[in-house]
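Student: Sequence:
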Amino acid sequence: LIAQEIVRSKALGRVNIGLDFFDASLNRIGAYVIGTRSAQMAFMFAMLEPYQTLLKFEEHGKTFERLSYLELMKSRPFGAVWDYYCLKSKVPSGKDYIDEITKYENEVLIKR
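For the sequence shown, the working numbering begins at 1 and goes up steadily by one.
No incorrect hints appear here.
Straight line, CA to CA, 20 Å or less: simulated EDC-like cross-link-like pairs of lysine to aspartate or glutamate:
#1 10 <-> 58
#2 90 <-> 100
#3 95 <-> 83
#4 111 <-> 100
#5 56 <-> 71
#6 74 <-> 49
#7 88 <-> 100
#8 74 <-> 5
Restraint ranges, calculated between C-beta atoms of paired labels, are given here:
#9 107 <-> 73: 39 to 45 Å
#10 108 <-> 76: 35 to 41 Å
#11 79 <-> 4: 16 to 22 Å
Hints are computed from structural coordinates only; laboratory data are not their basis. Note that this is a predicted model, so its numbers are computed, not measured. We treat Cβ as the ideally placed atom computed from N, Cα and C, and that holds for glycine.
Using the sequences and the hints given, assemble the complete structure.
Tutor: This is the structure in structure tokens:
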């Protein structure tokens, strides 16, 4: 919801986001990756929202249409867009990052 409000108010260039990931039951790398990816997904989802259409509906009192569009967004193929973003960014998509973190834990962190 915070990401949606930032995007909707066109404040991306004016807002700094602080992320804090600490969970004693997880290793730091895993918590950092999960939290960062989650924040990135939230902003991507917000940026894919048909903001101008929703705003037009709201300005004209078309609450049914606005709510319908918000519900339709839930079934859009967000995962495919996220996977493409990961592919273009040369990072693991889907659950593949789990294997990368586990490998790093077993090869690097174990030596500390």
